[in-house]
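Number of protein chains: 2
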Amino acid sequence: MYLAALLTSAGINIAVCVVIFSLYSILRKQPRFMNVYFGQKLAHAKSRRQDPFCFERLVPSASWIVKAWEASEDQICAAGGLDALVFIRLIVFSIRIFSIAATICISLVLPLNYYGHDMEHKVIPSESLEVFSIANVQKGSKRLWAHCLALYIISCCTCALLYHEYKSITKLRLLHITEALSNPSHFTVLVRGIPSSQTESYSETVAKFFSTYYASSYLSHKMVYQSGTVQKLMSDAGKMYKMLKTCTREQQCGPNLMRCGLCGGTTSSFKMLAIESQNDKGRSDFDAADLRRKECGAAFVFFRTRYAALVAAQSLQSQNPMKWVTERAPDPKDVYWTNLGLPYRILWIRRIAIFVVSILFVAFFLVPVTLTQSLVNLDKLQNTFPFLKGILKRKFMSQLATGYLPSVILMLFLYMAPPLMLFFSTMEGAVSRSGRKLSACIKLLYFMIWNVFFANILTGTIIKNLVGEVTRRLQDPKNIPNELATAIPTTATFFMTYILTSGWASLSFEILQPLALICNLFYRYALRNKDESTYGTWTFPYHTEIPRVILFGVMGFTCSIMAPLILPFLLVYFFLAYLVYRNQILNVYVTKYQTGGLYWPTVHNATIFSLVLTQIIASGVFGIKKSTVASSFTFPLIILTLLFNEYCRQRFLPVFKRNAAKVLIEMDWQDEQSGIMEETHQKLQSAYCQLTLTTLHQDATLHEHPGETVASGLQDLENLDSGKTQTSGLWAGHSSPEIKELHAM
Amino acid sequence: MYLAALLTSAGINIAVCVVIFSLYSILRKQPRFMNVYFGQKLAHAKSRRQDPFCFERLVPSASWIVKAWEASEDQICAAGGLDALVFIRLIVFSIRIFSIAATICISLVLPLNYYGHDMEHKVIPSESLEVFSIANVQKGSKRLWAHCLALYIISCCTCALLYHEYKSITKLRLLHITEALSNPSHFTVLVRGIPSSQTESYSETVAKFFSTYYASSYLSHKMVYQSGTVQKLMSDAGKMYKMLKTCTREQQCGPNLMRCGLCGGTTSSFKMLAIESQNDKGRSDFDAADLRRKECGAAFVFFRTRYAALVAAQSLQSQNPMKWVTERAPDPKDVYWTNLGLPYRILWIRRIAIFVVSILFVAFFLVPVTLTQSLVNLDKLQNTFPFLKGILKRKFMSQLATGYLPSVILMLFLYMAPPLMLFFSTMEGAVSRSGRKLSACIKLLYFMIWNVFFANILTGTIIKNLVGEVTRRLQDPKNIPNELATAIPTTATFFMTYILTSGWASLSFEILQPLALICNLFYRYALRNKDESTYGTWTFPYHTEIPRVILFGVMGFTCSIMAPLILPFLLVYFFLAYLVYRNQILNVYVTKYQTGGLYWPTVHNATIFSLVLTQIIASGVFGIKKSTVASSFTFPLIILTLLFNEYCRQRFLPVFKRNAAKVLIEMDWQDEQSGIMEETHQKLQSAYCQLTLTTLHQDATLHEHPGETVASGLQDLENLDSGKTQTSGLWAGHSSPEIKELHAM
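Protein chains in written order, with full-length UniProt numbering: chain A, 1 to 745; chain B, 1 to 745.
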């Protein structure tokens, strides 16, 4: 590839970006797309709806860029929580380190690469890109010392920046904890593996255990119930009813696609079911005895102080480590109720199974894709489906089948990965939504680095050499750095185009939100639904975006010394990402739950990984270039980087794993002095709410007095029938966040 | 090797064992060797000394075998603690599983191996040993199903037995905790990384921190002091003085080797120093201000209840995880004081350094040994030291140099390993003696399995093939099972002789205690010292014995299917080990500290490792024998074994890592009801005693009232000078356990 070609490609991509960004700046001004581009603001305040139409709405403007640029960290944190801030910090960190790397490499390394051989240079635009990479430096050249020096500077700067960021995010996390004074999760412990008993219900067992061993600090508890199939069906029906309610209302006003076609016949039955669900209050599903039978071996236990909850969450409770397993409870909105019902004793086997399946999926993802791609060629298709012969005779169709289908299959497989990883994380038994996303994020990170980064290097090498030769040479672990070292400079060209296309295009997609846009249009024009609450708001997809940004970081690090030409393109990507994601966090995504900065350790580890990988590859390249001294000079760097990582692990990581006793004790004091402790205790019971239909009334009274549970519990369960009048109206109010959440998935 | 040769070797070894055991049964009856063979009993009760001489003392008897056999588990536990019981359980487990394996393999597998080929058999004694191994089975033979079945039975029995043992030892550990009601370590937390302050001493900082955040449960604390060089010198001098005191007394009575020769001139100076140390009480070393300066950033903090101590030990105390690091305190006698003074912030780097050094030592141990062995040949020695030429001309000397020296060097290197590993574990910063031994045990386990088990297989393979060929084939991970599979049946012969010589001989050594015997004789006849307290008592060397027994277990498992002839020899070893070690635990070794059964998880993991290794090798052998179905049938077995291991890790391991809250709370109740809590609190201060000269008086009063520490602490430090009269007499009484401990190392 020549420099001119690369620049042309960059030009085209820039043009596309400019067009899309302009389009966005127009679309965002249209009130009808408000729920696509301002979900965050709509969720907070349902304000002005109908702006008068004016011409200004059709003129592209850069105001959103200014707004995104000017927003302070506090605003980001307020809009997107600590996780959003961590994500922005990741981008800022990338901008900083790659600015330094670009300055050094383009001023120092690039000229040395370019004049590496005593050769006659062509005009710069028609130079091959390899001329700018380390491949152009002569073997045994003294100039490799400059590369070694650049590597040292970049490594040191990265470590310094990483340390600074880790420290600052640790502080922010502590602030995040101390500021959330009314957070009910601080007072709550999730207990699983409650031993079942013949004579007592789970609830009684829990009350007895904690009022015995935690007499001074135990407040009350709340059982987790099995979400049975009937419950699920009813909730689905309720949702469908709600969604189609507007639809049926519209039917009375004017003509509609729906009435005769799509599902016109079923609307009335849904309506019936919905009415039924409001009237049929004597159903066995919510019977007292049945509810008891539906108790799971899991419960939320509330304590009087944060410190007591912390202590209970950390301790090994009983002699059998599979019983009375305690852990910190997630935030009420963050709880993933379905997984709480799983029996604790089978969780470990699930975790192992998912671990194995994930590894197999990540490692062998490319195999079926490649096979499918190789299957999709003209001859095979014709042989399998004889009727295709006629169609395929036309040149256009045959081009489509051979040229277009394989990449479509690859894309489909790639789009399949994030939901699949999220599914894997669900199956693992995550108890919180945020934990599930974090787990999926880590899985996708491995997936991306292996299937995009390493797979491309490998395929690049395989094309050059014979397959057998490569696999034979790769089996010797000592050869791997050398193989990477020969592959990276040549693969750098591909990475550049990847950043230009996939990177910049993903940002355009992100800002334009075509999927949400199409959904919006479909709802509006096909379903004639104008109630915006049903479109749902989306939570930030950290599990796809963080791996993507990190992947570009890995590419940047590994190519920085070898092919410094990649750095300007990368910097442009990060600058755009900075603006786009800030805008999205401020306007589009809603923060329902967050991990509280738990993404940073992952980011830190991934950065250290890419840094060490860079150093290993550089050492290999120096070895190939017969500069053994430079090669051996990089070894101390690897060791120092790993030691730095270990230090950070010791110094900062525990704060992300456990809460400091001192902090929580001081918060307890603060609460006691200001006298809001009682108030917080009152709120605890209503905070964790699983069954919207039944638990609100029942649980609030059931466990108020732990000592009297057995008696009062029974009484309250009997009171349940009389309390049903209260529960009938709860569908509409309480199920809507559930619906939104489901849309957001 | 032929069967007859093996049986001859076994016969010789049996004869040697019988002779040594008879010798032991005579020696143990001699009163003068009482402290060698009855250290345990002497430590408990200094009873009868002078039995009248009778002829019976010179007749070998089997009474010790009967006594060792008859001792109950409770007696073992009382004499050697839970660790000794775990060790005996390991031997019992080995006997059980190898009895089952021997029954199956000798009745089922051995005949199939023997008649594997259609060949004419010689008389059994002159058969090659290979005829009895799986190497004799034809390729593709259906008989391999029997081997597969045997493997399944052995694996299932092992898992069942392991589960049973793990469960029973977990119960014993819980019992060990609950029974030790007066154990001060339950109330104590070791705090490290105390932040230094300009205005306050460490002691004041600790008092302030814990009386603020643990106001209700904090009792008092005790600082750790730097053990300076002067202190060390004085303690050494004291020991020497004590040792030679008897010696000088003897000098006045009769003629002595010592007076004129060895160190006669120095005894008086030692005496002077000792007197000096008693008189010179104004020395700056024990000055109050100096003592404060010698405070380390570590302390033992005492709490009112066990549960409070548990909670404090588990929590992350402050926002900085490198400060206020808490952990469960070891038993007072178990504390390794020297390491407590190390600054906590450098511990992680020490741990990494030692980890790397240990790995290098284990992995490359054989390289220098082999080099030295190859260097020690006649020509080299003659060239380096020309004066040797005359000596080496004699045939006997040349044989000695070539035949004997190499094995001596190997033995010396092998004997070097245990103290070196113990030294590594010390450098790691272990805070307890038992923890140090456990860590050394794990290191030695890796060392033995790698350098005895794998190294022999490798060298066996290398001799057969070319070195280059082997290394090339080993680099492919898939080949490793196959390589092992071809090597194991041939190496089995070596393992058999290894068990006969090294195994049985080690037991003879163990029971005869030649080193202690020689020391005893040296003390008695060379130093003319008859005070038995100076000989010292020894603690059980778990760090060398557990790896040895496990190593024989690994050999047994891997060879059981391949070469079942090894099993009878192994069973004899384990039976002898059972008797010998029980005898040693009951009579010889003193239990000063113990881990409380923490060795079992290591034993469990090692057993699972050997089981999985056996299955992998078996799968490889089945593959080589062209029985792919049997080969693939072993894969589910491997997975099931690993799952079983994971289950045990979930079910039992946490009890060995953390104390269960419920158990400690119940113990607290028990104490409160019986009213001995106050008494226990009183004892806490005196339990942890670092500086025998100074701390006894000072610390008992210094931190009694945490609130008044600053004032009373200063006062008490001033009182120190007046209190010195009390401390002067403490050398003799309190340093003797220290001396014993030193001898025991």
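Treat the hints loosely; a few may be bogus.
As the list claims (entries may be wrong) - Computed cross-link-like contacts, DSSO-like style, restricted to lysine-lysine with a CA-CA straight-line distance of at most 30 Å: (1) B/Lys662 <-> B/Lys683; (2) A/Lys662 <-> B/Lys294; (3) B/Lys657 <-> A/Lys323; (4) A/Lys657 <-> B/Lys683; (5) B/Lys167 <-> A/Lys323.
As the list claims (entries may be wrong) - A few chain B residues facing chain A, derived, Cβ under 8 Å: (6) Ser9; (7) Lys29; (8) Ile665.
Treat the hints as calculated values from the structure; they're not laboratory data.
Note that CB positions come from ideal geometry on N, CA and C, so glycine has one too.
We went through each hint and held it up to the structure:
no.	hint	verdict
1	B/Lys662 <-> B/Lys683	holds, 24 Å
2	A/Lys662 <-> B/Lys294	holds, 28 Å
3	B/Lys657 <-> A/Lys323	holds, 16 Å
4	A/Lys657 <-> B/Lys683	violated, 36 Å
5	B/Lys167 <-> A/Lys323	holds, 15 Å
6	Ser9	violated, 42 Å
7	Lys29	violated, 46 Å
8	Ile665	holds, 5 Å
Violated hints, in rising order: 4, 6 and 7; the structure is consistent with all others.
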